[in-house]
Amino acid sequence: DSGVTQTPKHLITATGQRVTLRCSPRSGDLSVYWYQQSLDQGLQFLIQYYNGEERAKGNILERFSAQQFPDLHSELNLSSLELGDSALYFCASSVEGTGTSINEQFFGPGTRLTVL
Amino acid sequence: GQSLEQPSEVTAVEGAIVQINCTYQTSGFYGLSWYQQHDGGAPTFLSYNGLDGLEETGRFSSFLSRSDSYGYLLLQELQMKDSASYFCAVRSSGAGSYQLTFGKGTKLSVIP
Numbered sequence: 001d002s003g004v005t006q007t008p009k010h011l012i013t014a015t016g017q018r019v020t021l022r023c024s025p026r027s028g029d030l031s032v033y034w035y036q037q038s039l040d041q042g043l044q045f046l047i048q049y050y051n052g053e054e055r056a057k058g059n060i061l062e063r064f065s066a067q068q069f070p071d072l073h074s075e076l077n078l079s080s081l082e083l084g085d086s087a088l089y090f091c092a093s094s095v096e097g098t099g100t101s102i103n104e105q106f107f108g109p110g111t112r113l114t115v116l
Numbered sequence: 001g002q003s004l005e006q007p008s009e010v011t012a013v014e015g016a017i018v019q020i021n022c023t024y025q026t027s028g029f030y031g032l033s034w035y036q037q038h039d040g041g042a043p044t045f046l047s048y049n050g051l052d053g054l055e056e057t058g059r060f061s062s063f064l065s066r067s068d069s070y071g072y073l074l075l076q077e078l079q080m081k082d083s084a085s086y087f088c089a090v091r092s093s094g095a096g097s098y099q100l101t102f103g104k105g106t107k108l109s110v111i112p
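Residue numbers (our numbering), protein chains in the order written: chain C, 1 to 116; chain G, 1 to 112.
Because the hints were derived from the structure by calculation, they are not lab data. Built from N, CA and C at the ideal position, the CB exists for glycine as well. A hint or two may mislead.
Calculated Cβ distances over 12 Å to all of chain G for the following chain C residues [claimed, not checked]:
id, residue
1, D40
2, E82
3, P109
Calculated pairs, DMTMM-like style, for lysine to aspartate or glutamate (alpha carbon to alpha carbon, straight line, at most 25 Å) [said to hold, decoys possible]:
id, chain 1, residue 1, chain 2, residue 2
4, G, K81, C, D71
5, G, K107, C, E62
6, G, K104, C, D71
7, C, K9, G, D39
8, G, K107, C, D40
9, G, K107, G, E56
10, G, K104, G, E5
11, G, K104, C, E53
12, G, K81, C, E62
13, G, K81, C, E82
14, G, K107, C, E82
15, G, K81, G, D52
16, G, K81, C, D1
17, C, K57, G, E56
From the structure, some residues in chain C lie toward chain G, with a derived Cβ separation under 7 Å [unchecked claim]:
id, residue
18, G16
19, G42
20, L43
21, F64
22, P70
23, N103
24, E104
25, F107
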């Protein structure tokens, strides 16, 4: 158990719909990262938040957005869903600082999204 | 942009040694990490190399050559439970940003 929680575990929805995925980082971690994992694309970095502010952006579609709240939990919003958005969505957290610990990201169990 | 290359599949015998290579092209390179992911599970951190050389953690070792943009993960005394996907990941630059770019993963199958 990494200490990172994600809800829901599974989500089945239809094209055109909007969903929200939720992530709670490990206690004390200020950074949250979102990744999308599909069979053909591997683990793709979407976005990073640090202490409530957006820190880095990867291959995130305009239909997707995220935010980090004052209690440090984060939500990833996916809208106008398409079949190709079906994937595993992982949240990870890390501690800021010096030393090797900052290089380790702790991943949650993921949310499996199926768009029908 | 960043790109990483690693073999898609490797098969090895229980008790043997296997090496998974990773080559990368990136700007602002800070270090190379390795993650393990079992089917249906989450990636878990294995090791990190920020400097050239070998890092050893139990049965696993990781090596980095920054001049060659190359690294590898070495797994010794293979066990059946080591069957999983292994990802190399580059930590890229950015003030305060610890963004990781992952390779597509190497599926390791350990056979009796």
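Each hint tested on the structure:
1. With a closest Cβ-Cβ approach of about 9 Å to chain G, C/D40 is found to fall inside the 12 Å limit, against its non-interface label.
2. No beta-carbon of chain G is positioned within 12 Å of the beta-carbon of C/E82; the least distance is around 22 Å.
3. With a least beta-carbon separation of about 5 Å from chain G, C/P109 fails to lie farther than 12 Å from that chain, contradicting its non-interface assignment.
4. About 37 Å separates the Cα atoms of G/K81 and C/D71, which puts this hinted pair outside 25 Å; it is violated.
5. Simply put, G/K107 and C/E62 have alpha-carbon atoms about 32 Å apart, too far for the 25 Å limit, and the pair is violated.
6. A threshold of 25 Å between alpha carbons decides the hint, and for G/K104 with C/D71 the separation of about 33 Å lies outside it, so the pair is violated.
7. Pair hint C/K9 plus G/D39 holds up; C-alpha atoms about 15 Å apart against a cutoff of 25 Å.
8. Only pairs whose Cα atoms come within 25 Å are accepted, and G/K107 paired with C/D40 is accepted, the gap being roughly 14 Å.
9. For the suggested pair G/K107 and G/E56, the alpha carbons sit about 21 Å apart, so the restraint of at most 25 Å is met.
10. Of the supplied pair hints, the one linking G/K104 and G/E5 holds, its CA atoms being roughly 8 Å apart against a limit of 25 Å.
11. Between the alpha carbons of G/K104 and C/E53 the distance comes to roughly 29 Å, so the proposed pair goes past 25 Å and is violated.
12. As the CA atoms of G/K81 and C/E62 are separated by approximately 40 Å, the hinted pair breaks the 25 Å bound.
13. In summary, the hint linking G/K81 to C/E82 is not supported, as the alpha carbons are separated by about 36 Å, beyond the 25 Å threshold.
14. Distance hint between G/K107 and C/E82 is unfulfilled; the C-alpha atoms sit about 28 Å from each other, more than 25 Å.
15. Between G/K81 and G/D52, the direct Cα distance comes to roughly 29 Å. Violation of the 25 Å bound is thereby established for this hinted pair.
16. Taking the CA atoms of G/K81 and C/D1, the gap is near 17 Å; set against the 25 Å cutoff, the hint holds.
17. For the suggested pair C/K57 and G/E56, the alpha carbons sit about 32 Å apart, so the restraint of at most 25 Å is broken.
18. Annotation: C/G16 was flagged as interfacial toward chain G, and the flag is violated, the nearest CB pair being 28 Å apart, outside 7 Å.
19. Annotation: interface hint on C/G42 holds; nearest CB of chain G at approximately 4 Å, less than 7 Å.
20. The closest approach between the C-beta of C/L43 and any C-beta of chain G is roughly 4 Å, which is under the 7 Å cut-off, so the hint is satisfied.
21. Interface hint status for C/F64: violated, as the beta-carbon distance to the closest one in chain G is roughly 17 Å, over 7 Å.
22. A hinted interface residue such as C/P70 counts as satisfied when its beta carbon comes closer than 7 Å to some beta carbon of chain G; here the least separation is about 19 Å, so the hint is violated.
23. A least Cβ separation of about 4 Å between C/N103 and chain G falls short of the 7 Å threshold, and the interface hint therefore holds.
24. Annotation: interface hint on C/E104 holds; nearest CB of chain G at approximately 4 Å, less than 7 Å.
25. Residue-level restraint check for C/F107 holds (minimum Cβ-Cβ distance to chain G is 4 Å; threshold 7 Å).
Violation of the numbered hints given earlier is confined to hints 1, 3, 4, 5, 6, 11, 12, 13, 14, 15, 17, 18, 21 and 22; the remaining hints are satisfied by the structure.
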